[in-house]
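Produce the entire structure from the sequences given, and follow the hints as far as they go.
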Amino acid sequence: MTISIDAAAGMSARRGQSVAGLKFAEAIIIPVAALVLSALLFSIFLLFLGKSPLMFFGLIWTGGFGSSFSLQNTLQRSAPLILTGLAFAIPARIGLTMIGGEGALVLGGFFSAAAAIPLVSNSVPVFLTLPLMAISGMLAGAFWLGLTGWLRHYRGVNETIASLLLSYIAIAIMNFFVEGALRDPASANKPSTMPIGEAYKIGSMPGTAVHWGLAAGIILAILLHLLMTRTTFGFAARMTGGNPRAALAQGLPVGFLLVTSCAIAGACAGLAGFVEVAAIHGQANASLVAGYGFTGILVAFLARQVPLAIIPVAVLFGALAAAGGIIQRRMGLPDATVLVLQGLIFVVLLTSDTLYGRIPFLQPRSGSAR
Amino acid sequence: MSSFEISRRSLIKTGLAGLAASTMPLSFARAQAAVIVGIVYVGPRDDFGWNQAHSVAVEALKQVPGVTVVEEENVPETDAVSKSMESMINIDGANLILATSFGYYKPFVLEMSAKYPEVAFRHAAPLWNKDGDPKNAGSYFPYLNQAHYVNGVAAGLSAPGGKIGFVAAKPIPSVLSNINSVLLGARSVNPNASVRVIFTGEWSMPVREAEATNALVDAGCEVITCHVDSPKVVIETAEGRGVKTCGHNASQASLAPKGFITGAEYKWETIYKSYAADIAASKPLPNFLVGGYDKDMLRSTPYGAAATPEAIKAADAAIAALTKGEPIYKGTLKDNTGKVVVEKTYDNYDPYLDGMGWLLEGVQGSIT
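Chains A and B, in that order, give the protein sequences.
The opening residue of the first sequence carries number 857 in my numbering; numbering runs sequentially from there.
The opening residue of the second sequence carries number 760 in my numbering; numbering runs sequentially from there.
Derived from the structure by calculation, the hints contain no laboratory data.
From a predicted model like this one, the values you see are computed outputs, not experimental measurements.
All residues carry an ideal CB built from backbone N, CA and C; glycine is no exception.
Worth double-checking, as some hints may not be accurate.
To give an idea of the chain B side of the interface with chain A (calculated C-beta under 8 Å), a few residues [to be verified]: (1) Ile850; (2) Ile931; (3) Pro932.
Using 30 Å as the maximum straight-line C-alpha spacing, the simulated BS3-like pairs for lysine-lysine come out as follows [what the hints assert, rightly or not]: (4) A:Lys1057 to B:Lys874; (5) B:Lys1072 to B:Lys991; (6) A:Lys907 to B:Lys821; (7) A:Lys1057 to B:Lys894; (8) B:Lys1042 to B:Lys889; (9) B:Lys1093 to B:Lys1083; (10) B:Lys1054 to B:Lys1103; (11) B:Lys1072 to B:Lys1083; (12) B:Lys1072 to B:Lys1017; (13) A:Lys1057 to B:Lys1054; (14) B:Lys1072 to B:Lys821; (15) B:Lys889 to B:Lys874.
Right under this line is the structure:
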């Protein structure tokens, strides 16, 4: 591997272009082309329905970015998606397909609400309560996905299936406690935990209507990007992702790397759950199960598992969700239409994976330059 | 790369076209009439259940001259609904917001109604509290248990062995009242009637609802009814097993051509049209609107193929009695653990019944 990089670098240096530059261009052009192709295919679908694609995409613009209200709507909706996108992307870098972000989010939200009960009842100050809640949420999520990683490495259980099934178990656990032991008696018709109260809720960032959860997501994305690209841990993780057996042979602590990466992913999803509880609902209940974990998978894929790229992609998906409402109302299209678009993007994107390394003008020129 | 060159002229042309397309929707609201209603559904409009009932009422509302309705479906009980409501107010100019799912109220409707005091917000569950909740918010809720009582009357005469099966979602007061009302209605015509209930634990869980229906039929139930968001699965499964059915929320008559008796339907359009009329006349909307057959807020689905003339007669009589205010919960009644829970006769809108946490004796099943 090392040899070929040097050779490629040497060869392309003769052409005056950098390999890194070409790879970067490839990483941007192919997903963008996939997006454009999906938009075109979707336009054909819309024309079949007798609807105007121009109006549709115009409404995505208006509903997603066209006014300060739309922009804030978009940003608010993208906040959980950044975190759940990270929950898929980090294990993906190490070669695991973990789709359990939903369960980790729900469990994280539940545990932070549960931790809030003794803290709020004893009037512990906000600057202690919120971090403690966040930590319990992150620990719960980390444990849940870390468990899946452990099962994968030490017991050979397929992590995709395990994480999905554990998701449902997590939701059931949340329901069990929220409807039973931890149910707030005042919430008879919609079982929920005790509300944390306005005083403890995470507020909006000054001058906006978007809560601080967005900032937390962005900061975490930047930190994890640095972790994966600039530290030895990140390098070892990516090596393991490339070839676990080679990594083992080289003496890398593969088990530790796997479980830690999964735990980090779970902590991200758990934090998303905490934010849902502390910024939006004020309590844990069935509304935590909103599908953010699953949309995060799509976000991570479109971002090519790069933590920093997850931010703009999450904003794009936030915009789609934000515009979905106005598209329904103006064009009389069912809500499922936006899902069709998302599905189309996903399929085209997966297919576009095969194009890496095949587009001639994006490859470093190899061979003699005599 | 020359084939990809975009000329400045075409760029400006497409840019302006896009801009024009994007400004089109904004001018929509200004030219419209005085009553603009925004309604938010938690699920799909064609679910043969809770959301369809609202959607059917909205279709009736749209026929009223001067009323515009904008609808949004599949809005989850998260801050997405706040954004939807805000979008309807800011972009569509809505002056009445109808929030139809239970979990929309706290905190979303409360927050939005405080933020937009000139817009009326009404929520489909009896949650509005006059001490503390914003004055522009309010609740509306028909007492569907009256229609379930009628279901029970018809079912009691359609089940020779008196066994009725009930697939329920969550054991909350409004669901429990429906179950108990079915029992009381059935027992009013058939003293041996009993109701067997299975709780699925969720408002919409198609697989578990089908399993519960099959389990009830296997246990000998001759009529199946339910309280879940979308009774489609329950009714279809029961029809497939050849047993009779009573519906809930909206009309499922078309799903059970052989076995349908009648159903407990909400008649939301009475409330929606009265709100629209109040807004058009610039009158304040009532904050708390409840009712039943007496206020024309309920209807029983037109009788299906499995309704015998005897059942039809008894059900019609029950509807007439309820329209006059005949109480359903007449004491003394015990719950199925033997405790006395109803010691006197309660008016159908008595707040005591809103805190119901028991199943009457005659109902086989448990809340926990």
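These are the hints, each one checked on the structure:
Interface hint status for Ile850 of chain B: upheld, as the beta-carbon distance to the closest one in chain A is roughly 6 Å, under 8 Å. With a least beta-carbon distance of about 5 Å to chain A, the hint placing Ile931 of chain B at the interface is held under the 8 Å criterion. For Pro932 of chain B, the shortest C-beta to C-beta distance to chain A is roughly 6 Å, which falls under 8 Å, so the interface hint holds. Pair hint Lys1057 of chain A plus Lys874 of chain B holds up; C-alpha atoms about 18 Å apart against a cutoff of 30 Å.
As the CA atoms of Lys1072 of chain B and Lys991 of chain B are separated by approximately 27 Å, the hinted pair is consistent with the 30 Å bound. Only pairs whose Cα atoms come within 30 Å are accepted, and Lys907 of chain A paired with Lys821 of chain B is accepted, the gap being roughly 22 Å. Between the alpha carbons of Lys1057 of chain A and Lys894 of chain B the distance comes to roughly 24 Å, so the proposed pair stays at or under 30 Å and holds. Among the hinted pairs, Lys1042 of chain B with Lys889 of chain B is consistent with the structure: their alpha-carbon atoms are about 19 Å apart, no more than 30 Å.
Distance restraint check for Lys1093 of chain B and Lys1083 of chain B: the Cα-Cα separation of roughly 26 Å lies within the 30 Å cut-off, and the hinted pair is therefore satisfied. Of the supplied pair hints, the one linking Lys1054 of chain B and Lys1103 of chain B holds, its CA atoms being roughly 25 Å apart against a limit of 30 Å. Taken as a hint, the Lys1072 of chain B and Lys1083 of chain B pair is honoured in the structure, with Cα atoms around 17 Å apart against an allowance of 30 Å. With a C-alpha separation of about 20 Å, the suggested pair Lys1072 of chain B and Lys1017 of chain B falls inside the 30 Å cut-off, and the hint holds.
For the suggested pair Lys1057 of chain A and Lys1054 of chain B, the alpha carbons sit about 41 Å apart, so the restraint of at most 30 Å is broken. Restraint check for Lys1072 of chain B and Lys821 of chain B: the C-alpha separation of about 34 Å exceeds 30 Å, so the hint is violated. Of the supplied pair hints, the one linking Lys889 of chain B and Lys874 of chain B holds, its CA atoms being roughly 18 Å apart against a limit of 30 Å.
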